[in-house]
Amino acid sequence: MAANARVNEIGLSRNDYKGGVSTLCQGCGHNSIANQIIAVAYEMSLDPHQVIKLSGIGCSSKSPAYFLNRSHGFNGLHGRMPALATGATTVNRSLIAIGVSGDGDTGSIGLGQFKHMVRRNVPIVYIVENNGVYGLTKGQFSATADYGQELKYAGVNELPPIDICLEALAADASFVARSFAGDSKQVRELLKAAIAHRGTAVLDIISPCVTFNNHEDSTKSYAYGKAKEEPLHDITFIPFYEPIEIEDQEPGQVRAVKLYDGSHLMLKALDPTKHDPTDRMAAFRLLEEAREQQLFITGLIYVDENRATLPEISRLVDTPLVHLPPEKLRPPREVLDEINRRLTCCN
Amino acid sequence: MSTIQDLPLEDVLAEKPAVVNDFQIMIATVNGSGSQTANTVLLRAMFRMGIPVSGKNIFPSNIQGLPTWYTIRLSKNGYTARLEDYHVLVAMNQQTAADDIANLAPGGACYYPEEWNLKHERDDIVYYPMPVKALTDASDVPANLSSYIANMVYVGVLATMLNIELSYIEGALDYHFNGKAKPVQMNMKVVQAAYDWAQDHLAKRDPYAVEPMNATEGRLLMDGNSAAALGAVFGGVTFAAWYPITPSTSLIDALREDLAKYRIDPETGKATFAVIQAEDEIGAIGMVVGAGWAGARAMTATSGPGISLMTEFAGLAYYAEVPAVIWDVQRMGPSTGLPTRTSQGDVLTCYLLGHGDTRHVVLLPGTINEIFEYGWRAFDLAERLQTLVFVLSDLDLGMNLWMSDPFEYPDAPMDRGKVLTAEDIERAGRFARYEDVDGDGIGYRTLPGIDHPLGAYFARGTGHNARAVYSERPDDWVENMARLRRKWETARTLVPKPVVDQVSGAEIGLIAFGSTDPCVVEARDQLSARGVMTSYLRLRALPLEDTTRRFIESHERVYVVENNTDGQMASILHMEYPDLAPRIHSIAYSDGLPLSPRWLTAAVLEQEGR
Ligand SMILES: Cc1ncc(C[n+]2csc(CCOP(=O)(O)OP(=O)(O)O)c2C)c(N)n1
Ligand code: SF4
Ligand SMILES: [Mg+2]
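So the sequence lines, in the order shown, correspond to chains A and B. Each residue of the first sequence is one higher than the last, beginning at 28 in the numbering used here. Each residue of the second sequence is one higher than the last, beginning at 363 in the numbering used here.
Next comes chain B alone, as it looks inside the complex (with noise of 0.2 Å):
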């Protein structure tokens, strides 16, 4: 591959045979311009065509007018991982045309607005102009759509060159305009005409080529905010409270959907839910607490930067053990930091939110089925354990497009966990919310309202008996900490178990989890070609359990990917495992991208001395 940049274009061209399904497309437009409908349909026109995809969109904080880039990569085995690489480029942005270009692999096609006047300066790729304009001002669109109609240009002119057939096209428009016949036609107008275009006027050059396969049969493409917000309304979500903030806003904008969709009362007409745009994250944070007391399955959405507002309500929630759900789409930095780009860097800050000794169940997806699982599953462990949930997505799972086998009904009735009724309590004749009466260390809980002179108690944060009295005695606090140390150990049991692929003879392990996963797998596989055998822990959850503990046994070297710059996963697991600190390593890096498989193997390769 690499003598392959000095040759001239026709060598390149004669050394390569046609690549079939297995290269990646970058398309450079203007944020705002409209692109993302063309995208995401080329993106569905190829996975109705049985070919396995995925698509990343690269954006700016920004509304209208900088830079955006889409990736769609096609790739025969299955990988769904960032590739650095792309083979074809649509160039729609002049501002950033020299560098896109720059960058396109050699061998590769660009295609471009043929009004540009652009200097082919590169001679071992191939150019393709489109007459954008001129296919723009021929159709008739009203005036106001024809930059976003012009976006149409690309997907015609590429169903061409890529050998797309136009009935998938179709499909796809039809599937993306949910069956409306109206828009469809107006867009397919332009793709047919670009099309037609393209079969009169261009000549095929380059080798990327796409071929119908049968490898997506009976899968669905979603994006990770849909299905948490779905998941969370089959756990029976009626209560949710949020600030905007990307890239989690998407997931209460689904969620808001999906309620209005199924979870009106039929009978009456009304909401069977209430959604709240709280004035900040801790207001939002603060009424989930309330429902979650009052007893209702509560869940916010944020982002790092809510993280933080959320602090306090964390700790307070912990020791007044309320069950409440949140989610963090991780982004990066603190405040604007780089807002629209993906990270793992809120691992250590949910793991450990609060002041004075907090603790929090983590929960890890890893695939959009898990998020859609981890959407109702959280519910019933926050409320089994009297406790926050945060569930840890982020950008590149949470707003981009994945292929998923499909959703699974929960496979048990919804588990309110440990609530005492009145009846319960005249049975027992007393009550004390804090009592370890079964030595899991969770208590039984008591709703407002409960009809009953014994029922209520009174939450706070502060120093407390079992009973639920103030107090200030030592002895009260150790006692308290000593229960929730149980609780923590209950919490190890009940919680996603990782998911292992031990290879028998391989000296070193990889631990990772949540969006790195793409990456690992294709690593491995790069890893083993070279004579390197892994094998591969994909951590679901904190606290950790035993499973992690003899993975890394087992192991001579365990490397910790993940997303941030400080190795945060890497730290928890020395913190929780000291006597094997020396075996765990870290491999971690960010830069706002989803991690890339060639930088994985060449980690593991250097840190191996190989």
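Next up, chain A with everything else stripped away, as it sits in the complex (with noise of 0.2 Å):
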């Protein structure tokens, strides 16, 4: 570390990191996401010119303004923002890209190009600050609202929820995590490992919506959150360059998922039996179980870091798209010379 302890190693301070000021309410779940992530934007060193901010349409898409100003953002159209994405880290390789989307944006209207880039292993934190509502519009149920669950504006929920994780578990995510805007430990230990994750890392974050839908029943909700939260392990990241030693920490008790730029993430398992995150079956059990109980399990859920992601399966030259010179670009003249002999009477 810098002697200097107000700054990082590419000697930015934690207010390089800033944006602007929130316009969300007091106490929304969001802004704490936001702040975690300039702190581990900060704590990583991330040069903020190589990231991107995207997102859809809500209050939670709003956010990327809220952190971050010395990166590219885009602020998109509701449920829309994956297809921008894989545009945009295709033709750049290089990029570092940082979605948030709400459980409307993501779970409704935007649910078809969230599979369909979680399929393509987008190189992509994907953030869902889940909330249950729309908040944006005011109080409607989203599709991740629990079943029966009541609320001033919309009545009862009839209809069983979505869940997120579930859903890119079966698009055949990469990576997948769950956990608590609450729980700011957690939660940067996970946009750790997301962020050093080289595909599509979804982030599904329990984010409640003080306004219309904090109720204490509501598993969206800081009060449920905090009481039900049950975390899969005790986590934390390890970036590559700190030397480490797995093999002799207690067998059984820990586990350190070794992610794709050469960091770990150490899992202390609260329950030894608990879960393997490499193990897909045993993540889709994990997460039906869970659902059946109303249980909240937070944690790594999911990892492969072994699945190619879109550019590499594009076979695109390693210098990212956008750079290539014009005379990588427009063939010269004598191919058109060439095609125009073939093409022309009578050749």
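Derived by calculation from the structure, the hints in this document are not laboratory data. One should not assume that every hint holds.
[Stated by the list, open to error] Pairs of lysine-lysine, DSBU-like flavour, derived with a Cα cap of 30 Å: (1) 355(A) - 301(A); (2) 632(B) - 285(A); (3) 780(B) - 859(B); (4) 438(B) - 566(B); (5) 285(A) - 355(A); (6) 355(A) - 566(B); (7) 780(B) - 45(A); (8) 165(A) - 255(A); (9) 481(B) - 566(B); (10) 355(A) - 780(B); (11) 495(B) - 355(A); (12) 481(B) - 495(B); (13) 142(A) - 255(A); (14) 623(B) - 542(B); (15) 355(A) - 45(A); (16) 438(B) - 495(B); (17) 438(B) - 142(A); (18) 253(A) - 165(A).
Just so it is clear, the structure is predicted and the values come from calculations on it, not from any experiment.
Combine both chains into one complex, guided by the hints.
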């Protein structure tokens, strides 16, 4: 660490990672997630110029304006951020994409794009700030609302909720995690792991809407989250430049998940029999059981560091496409001459 | 001509001397029977004889089994519009034979498979039975190819009867199969057998024949979609996303093929491009906008239904000022509409696509050469103007084969528009994305990844001020719209100008665009033969610029010709030139087919009261 405690490895202060002043409600879960993004970007010494922030539409989707002012941002369309991310990250594979969406944005209007993005393994940290309601349009149920839940404006929800993590898993996600906006430490550790992951990292973060959905009986409320959160592991993210000795840990108690860039996520299982995050079937089972019991599971649910990403599948040159010089883009005159010769009458 | 119908065949033939290089062949087959090779080989053989040709595939929305027609027009005068009449019929589809024969022009020739035992009901045409089954059976091709090879029978028979030397057929087959000897030989064997059979068994009794000319030297035959793809490759496209839809699919197919040929990095063997098949057109345009924002030359190709789905992103790209290119290869109607039929029905939609006040640059290529040119130029315009550029083609231009001059290499280096580097910002000490520094309405943009603390900006469709900061202030909105209006005025000066043929003394002017050009060219000749002189302006882009206004001002009456029902371009002209509106009249028609010169001539004469 630098001697001057106020700057990180690339000489930036925490302030350099800040965004505009939030216009969201006081106490909104989305604000605390934005703050954790700032903290993590600072701690990981991310170059803000290499980061792009993308979002759809909703209170949640506003939040990219509240972090990383030095990064390019694109506030897109409701449910359509995955497409923007796919285009941008394909033509510039050196960018680190952070996407922020809501449960309406991802679970309803954008469910199709979400699943296709996951299926393509687009390199992006995809955060769903999940509050079970449409905040920005003032309190309708979202597709992740609890079965039987009652809201003043929307009445009783008669439909089963969509589980973002299950949807991601079913679409062959290479990284699925769930957390709670009130658990800053876990959010930070998972964010770090997500950033180190090379494909799509889906982070479903329960983020209470204090204005429209913060009753104690809602699984998306602070009270419920605090009381019922069942962390799978105690998580520590270890950057790749710090030496680690996993072997020495107590066997069965600690798992180290090696991430693509060489860093590790140390998972200290609270219950040693609980969960192996590289076992996809176990992940399905875990999520289904939790769903049945309205249990609130948090932590790293599934990870596969070997799945190829979209730029890899596309066999792109290493240089980002947007940096290719004109002579790599426009074939020379002789090529067209040859085409003309082949096509014209009567050769 | 009109009296011919009532005459017996002998008299018709006596009255008509040999008709050389000026007639239309209609080949009626069944979709999926493999007739496409036979038809294009015939077309290309005659093209190689130096005869101006054009071919049109009129096909159903079906993979196998429904009727399909192919017309080949030969015109020693170089006309390429659709003719309503056909003079030589190859009837290979028993299901439609009755209608196909009924519509054959009097004096025409009808070729059909002899095993039909067809009753010769018309006495004003010539029937030629062909032993299709016998000749196919006699060939030693595998059974699974026999229906395909049956089509080569009519190629051989027509070669004899129209007087096409077999070397031209062989040359065309060689071109078709990329010089692969085996399929050429296999096909030629059947062609030769049919040719020989016809020499021995059929006596020529109709007047239609071909003769070598020298009118195609140095020209090429290509479909618009292939030309668009090639143009895009020379425009340096790096990203394409799409969702399959007729008639645009073959554009992306061609693009993928061309990119694989010309844009693999020789040093690494890796791709300098990405083509992604999206989950739908919303995804396709979203990816393209994301790529354009990040600095790529990005495009998509679609047709009407896809354009509808792209609406919201088109509006966002307009306000966020993101460059990208959208090809709309137009077809008929919503939903399934008539998906394999042509139309110019998306003019207004593309021009105004989006909600709120949006207006888009729309290029209107009318020839294969222009399609190639706009293939690359659209990127220059999009990046210069930092906006979407639509290119409107249609099924007729896009999927049919047209003669063209060779393609011209881009006349200037790629114009990447106003993009700032970190050094630029360092020098200026500031950056405001939407500030109108140059007074042309176009701001300076930066690309993600720029290494400067002041380099980033936040793109959004919502209200923003010149520094790209969120704003709901009324005057910020108004100022932004005023700047976008200035940008629109700049666009007027940059888009391709119309092509004008001003005829002195002509009272009336015709305005058209896109695939209707061949129809207008021929109708003008027909009109002038009737003593009606016309000037002609072919639009090549929107927004309009002053040439069009002056053209309208200098004619008493202007007719806007288009292949849709509502007269969409006419209404744009009315909107743009309200003071000239009384002079602007619409001649619009749409039935799924390319417009015919006979129809246009009659329509103009009718409106002129002549
Ligand atoms: C095409 C379209 N339809 C509807 C809307 C209106 N709209 C804005 S935000 C929103 C819901 C947002 O809910 P969510 O994604 O859960 O975000 P939250 O506000 O709860 O954070 C809707 C329906 C829109 N912007 N665009
Ligand atoms: S309405 Fe709800 S989601 Fe929106 S800002 Fe307020 S608390 Fe957050
Ligand atoms: Mg929500």
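What are the numbers of the hints the structure violates, in ascending order? 1, 5, 6, 11, 15, 16, 17
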